[in-house]
Amino acid sequence: MALEEVRDAFGQRFINAGVAEQNMIGVAAGLAREGNTVFAYSIAPFCYARPFEQVRNDVCLPGLPVCLVGNGGGFAYGHMGPTHHALEDCAAMNALGMRVKVPAFDDDLPHLLANLNGPTYLRLGYDMRPQGAHVPGYASWRQLLSGNRGALLALGPLAGVAWSALIDIPAESRPAVWAVTEFDFECIPEAVWQQLSEGPLFVVEEHVREGGLGMHTAMAALQQSRAVQHFVHRPALRYPSGLFGSQDFHRRESGIDAHGIRAMVLAFKA
Amino acid sequence: MDSLDTLIADARARLLRMHFETGSGHVGGNLSCLDALLVLHHRVLQAQDRFILSKGHAAGALYVTLWSLGLLTDDDLLTFGQDASRLPGHPSGTGIPGLLFSTGSLGHGPSLAAGLALAARLQDSQRRVYCLCSDGEWQEGSCWEALTFAVHQRLDNLTIMVDQNGLQGFGTTQEVISCSDLSPRLLAFGAHVVRVDGHNTQALQSALMTRSSGAPTVLVMDTVKGRGAHYAGLLESHYLPLTQNQYDQATAQLANETP
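Read top to bottom, the protein sequences are chains A and B. At position 121 of the first sequence the residue is numbered 121 (the working numbering), and the sequence of numbers has no breaks. At position 146 of the second sequence the residue is numbered 146 (the working numbering), and the sequence of numbers has no breaks.
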């Protein structure tokens, strides 16, 4: 069961473009140019990497309301192998000036899809909230857990992983945990900077170091003249062992699974 | 000589002058498609129709066509490829009304045009969509993706024009890719293919108004690179601007060709 429900809901407005991603984006641009808001869906790398020039020239240059829906951000396609993983997508799409949205929880989607008025990249993943947890109301920067030892920022679905990893550590011994779901650094909550005056900045993301949440946050700190005493960054390390497996296997290799995040926090000594 | 022939002669002269005065290249490929652009814009396009210049390096020909319609001025043409211009060497989709996309990277136009055509059908509009490609451009796989899609979607409100002048950078299309005529390949993909002399205005007009029920039309136009100012040196200058000598000779050739 993939898109059958979407197909049924959209009727003639659901276009199966076949195995032709460059054409899919060009057609999306043409449709958008005539006043339509268009969603162009594929497994993430086929959505942003394969038709990159079409995204750049046909969607972004004219600023059209096309939302690329990339299924399986990070290592989400696990065993399917590296061609199906999206590890540099946020950087690439940010570089084109797209609005990059990385939902952490299923509840985030209606908010992220409201007011689509320009080029957008939506990176989909699995909702990893702790069982029974209540997700706070949507904000692009949202505190999930309080903490007295700095702040941990997690990109999208990894926020659920970090939440589960740290929930049973006493607040005085853990950082506050934040879910970051949009690359908007003008609106970093003041609470984050206050927390960083009391402890380190941890950033975890299922994305390479280059152009991801960590780099952008560091630049924001510099631009806004905010002090960060210690910076610990856990990005996706690609394939350090040369071996492949599930999403959790790859997260483990990068130290961004629950165990790795917990160990990183507990091991930190200023 | 009818008014269209006069228009074409004037436009060719204006194109040469524009390229020479601004020091811009790609003259040969502009001259091969200028006739078709003029026929399309003066005799075929309706106000609601759409046009994509997929062959973006023929921007000069498009700008002169728009000049012939009174949409650009002589002063505008002087800015072609210069600083602070609305007329870059490949067209921008943001500077001039009616230009919908920035083109110049080959292979994008057919998909854009397919999207516009599909939108017209979904909106129950009678708009027609035209897209001008070069022949070498069909070495881009994306063109065939677009054609496959357009045929499957039965976009019979779409006409793709191919400027088949047989030449590309550094060689003929036959030398580079073993393809001197795209028609059989286009037919095999299910398009309605019409082959026409790209410098016969009556044949062009008739072909451009052709529509095949249930299939996109691909108009393969046999053209001559540098048409109207044909001489050996000009054909070699796929990219390079005209020298004074080349400009003088081309202008003289043009005058000789004009009845």
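I should point out that these hints are in silico values taken from the structure, not numbers from a laboratory. A virtual CB, placed ideally from N, CA and C, is assigned to each residue, including glycine. Do not rely on the hints blindly, as some may be mistaken.
Quick list of the computed label-pair ranges, beta carbon to beta carbon [to be verified]: (1) A:Ala2 <-> B:Ile177: 55 to 63 Å; (2) A:Tyr126 <-> B:Ser183: 47 to 55 Å; (3) B:Leu240 <-> A:Leu237: 44 to 52 Å; (4) A:Glu4 <-> B:Ala47: 54 to 62 Å.
Listed next, the stretches of chain A that the computed footprint assigns to chain B, with coverage defined by at least 3 CB atoms under 8 Å from CB atoms of chain B [claimed, not checked]: (5) 31-39; (6) 48-62; (7) 161-175.
Problem set entry | Hints not upheld, ascending by number | Hints 1, 4, 7 not satisfied by this model.
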